[in-house]
Amino acid sequence: MLKGKAFKFGDNISTDHIVPGRLAHLRSNLPELARHVLEDADPEFASKVEPGDFVVGGSNFGLGSSREHAPLVIKMAGVSAVLVKSVARIFFRNAINRGLPVLICDTDRINDGDRLEVDMVEGRINNLTSGINIDFKPIPAFMLNILNEGGLMNYITRHGDFKV
Amino acid sequence: MDDILAKTLAEKILTNKSGGSRKTGEIAIASVDLAFVQDTTGPLTIREFKQAGFKQLANPAKTVLFLDHAAPSPNWQLSNDHIFMRQFAGETGCILSDVGEGVCHQVVAEKLARPGDIIVGADSHTVTAGGLGAFATGMGSSDIAVAFALGKTWFRVPESIMVQLSGCFQKGVYAKDLILHLIGKIGADGATYKALEFGGEGIPQLPVTDRLTIANMAIEAGAKVGLFPSDELTRLYLEECGREADYTPLSADEGANYQSSVNIDLNTLEPTLSRPHAVDNTATARELDGLEVDQVVIGTCTNGRLEDMQIAAGILQGRKRHKRTRLIVAPASPFVFQQAVKMGYIDTLISSGAMIIPPGCGPCLGLHQGALGDDEVCLSTANRNFKGRMGNPRAFIYLASPATAAATAVTGKITDPREVL
Ligand code: SF4
Numbered sequence: 001m002l003k004g005k006a007f008k009f010g011d012n013i014s015t016d017h018i019v020p021g022r023l024a025h026l027r028s029n030l031p032e033l034a035r036h037v038l039e040d041a042d043p044e045f046a047s048k049v050e051p052g053d054f055v056v057g058g059s060n061f062g063l064g065s066s067r068e069h070a071p072l073v074i075k076m077a078g079v080s081a082v083l084v085k086s087v088a089r090i091f092f093r094n095a096i097n098r099g100l101p102v103l104i105c106d107t108d109r110i111n112d113g114d115r116l117e118v119d120m121v122e123g124r125i126n127n128l129t130s131g132i133n134i135d136f137k138p139i140p141a142f143m144l145n146i147l148n149e150g151g152l153m154n155y156i157t158r159h160g161d162f163k164v
Numbered sequence: 165m166d167d168i169l170a171k172t173l174a175e176k177i178l179t180n181k182s183g184g185s186r187k188t189g190e191i192a193i194a195s196v197d198l199a200f201v202q203d204t205t206g207p208l209t210i211r212e213f214k215q216a217g218f219k220q221l222a223n224p225a226k227t228v229l230f231l232d233h234a235a236p237s238p239n240w241q242l243s244n245d246h247i248f249m250r251q252f253a254g255e256t257g258c259i260l261s262d263v264g265e266g267v268c269h270q271v272v273a274e275k276l277a278r279p280g281d282i283i284v285g286a287d288s289h290t291v292t293a294g295g296l297g298a299f300a301t302g303m304g305s306s307d308i309a310v311a312f313a314l315g316k317t318w319f320r321v322p323e324s325i326m327v328q329l330s331g332c333f334q335k336g337v338y339a340k341d342l343i344l345h346l347i348g349k350i351g352a353d354g355a356t357y358k359a360l361e362f363g364g365e366g367i368p369q370l371p372v373t374d375r376l377t378i379a380n381m382a383i384e385a386g387a388k389v390g391l392f393p394s395d396e397l398t399r400l401y402l403e404e405c406g407r408e409a410d411y412t413p414l415s416a417d418e419g420a421n422y423q424s425s426v427n428i429d430l431n432t433l434e435p436t437l438s439r440p441h442a443v444d445n446t447a448t449a450r451e452l453d454g455l456e457v458d459q460v461v462i463g464t465c466t467n468g469r470l471e472d473m474q475i476a477a478g479i480l481q482g483r484k485r486h487k488r489t490r491l492i493v494a495p496a497s498p499f500v501f502q503q504a505v506k507m508g509y510i511d512t513l514i515s516s517g518a519m520i521i522p523p524g525c526g527p528c529l530g531l532h533q534g535a536l537g538d539d540e541v542c543l544s545t546a547n548r549n550f551k552g553r554m555g556n557p558r559a560f561i562y563l564a565s566p567a568t569a570a571a572t573a574v575t576g577k578i579t580d581p582r583e584v585l
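Sequence order for the protein chains is A and B. Numbering-wise, the first sequence is residues 1 to 164 according to the numbering used here. Numbering-wise, the second sequence is residues 165 to 585 according to the numbering used here.
Watch out, some of these pointers could steer you wrong.
Dumping the calculated EDC-like pairs for lysine to aspartate or glutamate here, alpha-carbon to alpha-carbon at most 16 Å [claimed, not checked]: (1) K316(B) / D161(A); (2) K137(A) / E122(A); (3) K75(A) / E50(A); (4) K187(B) / D417(B); (5) K3(A) / D114(A); (6) K163(A) / E190(B).
Honestly, the hints are just simulated from the structure, not real lab data.
With the hints as extra help, turn the sequences into a complete structure.
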């Protein structure tokens with residue numbers, strides 16, 4: 001069970017909002033880069049987020065660049081899952097590869113600051129603040145295997161190959 | 165052909181490369197013909213590769229490390245990343261495309277991509293090679309580390325959207341206007357996950373350079389790939405690049421199953437721009453006419469090719485940039501640069517007040533060479549105008565064709581190129 005507070009963002013949060021190109025010189029210094037997570041969407045996010053919290057977005061979350069640093073710094077901030085209406089393809093794949101769940105659900109029913117509980121097995125989000133239950137779409141089976149192994153590199157070192 | 169066997173281009177290529185018939189929705193484990201990274205995604209890829217205990221590349225001759233995003237490097241941190249990547253190239257025997265040798269996607273098009281290839285790159289605009297009929301797509305560092313090591317990757321076979329092109333471009337209207345128009349029409353997530361496949365009677369009129377511009381921006385509609393058939397024009401392009409032997413004809417089967425289709429009559433298109441801060445926030449040049457611009461950028465993997473230099477030089481010939489407006493030109497590869505010098509385009513551009521910067525990504529991602537100041541407005545021929553993209557979340561970026569960019573540099577305000585042609 002994942003538990004934490006919701007940080008609400010709007011539609012079309014791009015990888016430039018999450019880790020802008022101007023910080024490319026920090027990409028080999030991940031702890032420093034992570035201090036800037038989501039800076040261009042909310043300059044205070046990095047100082048407010050606590051382990052277990054959720055990033056809650058609108059539609060087309062993570063559009064843009066292939067930079068895996070985007071889900072990586074979100075994960076490094078302690079975020080336990082990203083909840084969105086819809087997600088851009090590369091961000092989705094990168095997040096799963098990093099062991100960060102991305103759950104597709106109706107985020108209109110979550111407000112900034114709501115306390116949430118996510119049951120990954122039942123596929124349900126309990127909004128403890130409003131008392132509403134929200135279902136999320138199951139993660140495709142192939143990707144769920146990768147997520148359950150803690151990400152792609154763990155999956156590959158364990159199995160040596162892709163298994164279908 | 166039996167409809168059940170008829171395949172889209174995406175299905176066809178994934179079938180060929182995964183050793184069994186593949187239909188939409190299935191998982192394909194496909195062999196990779198070319199895998200690459202660039203200098204902002206490469207270091208993480210290499211670290212993942214090493215940490216997983218891999219020592220050897222599956223295919224060193226088809227593995228490329230590009231140093232193009234910070235080229236030449238603006239600071240010691242990125243210079244150290246470059247050293248790290250050069251060392252890895254030395255250890256593994258893969259190809260290194262060093263600082264000054266061009267933007268990855270342009271070099272891939274000129275030297276490496278073949279119709280029917282599977283190409284994966286740790287850069288979202290890897291889709292560019294779809295202009296040559298390659299199933300080319302961007303992934304993150306972990307995925308590419310695995311492709312480097314195993315020579316394969318996994319795909320879910322995407323549904324395809326058919327973009328049917330008819331008619332021909334009117335004067336002053338280009339491939340860039342077409343793709344901006346399409347993204348405005350279907351939205352920045354209009355093709356998420358899907359393959360955008362281009363077809364119709366407009367195709368034989370679109371040279372490969374145009375197809376590369378269009379495929380390059382498929383990702384801006386969320387697409388996994390932007391695919392063109394491979395035809396006589398593809399053969400001609402490959403011949404010009406000195407590799408005619410890489411040509412194979414390739415097209416979707418008649419009767420293939422498309423999830424939906426979009427029709428675009430090229431005759432009806434106008435010079436089009438994307439407004440801040442979203443690529444699908446489009447408007448015509450006429451609607452934006454007169455908006456003052458501080459900086460114009462001509463270049464990038466979208467529009468830094470010889471034809472783009474030619475169009476810009478054609479408009480700037482005998483004219484000067486407006487004194488308010490800086491004009492930065494970045495040829496996408498040394499080959500483009502050299503040809504543009506030979507053809508006299510660079511001379512024309514310098515005479516008009518342009519500064520020419522080295523082949524590479526230039527100011528496109530906000531690293532260096534043209535970062536914007538507060539409240540500044542930039543018109544760029546790049547593919548992205550997200551907030552913060554060019555180094556400053558307080559600046560404003562418009563995207564347009566090289567013709568619109570050149571016309572705007574002359575007047576200092578957004579200008580429909582048909583007014584100066
Ligand atoms: S030119 Fe711009 S969009 Fe193209 S690869 Fe470089 S940074 Fe990316």
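So, going through the hints one by one against the coordinates:
With a C-alpha separation of about 9 Å, the suggested pair K316(B) and D161(A) falls inside the 16 Å cut-off, and the hint holds. With a C-alpha separation of about 11 Å, the suggested pairing of K137(A) with E122(A) holds against the 16 Å cut-off. Between K75(A) and E50(A), the direct Cα distance comes to roughly 11 Å. Compliance with the 16 Å bound is thereby established for this hinted pair. Proximity of K187(B) to D417(B) is assessed by CA-CA distance (about 13 Å); at most 16 Å being required, the pair is judged to hold.
The straight-line distance between the Cα atoms of K3(A) and D114(A) is roughly 11 Å, inside the 16 Å bound, and the hint therefore holds. At roughly 13 Å between alpha-carbon atoms, K163(A) and E190(B) fall within 16 Å of each other, so this suggested pair holds.
In this structure, none of the earlier numbered hints is contradicted; all agree with it.
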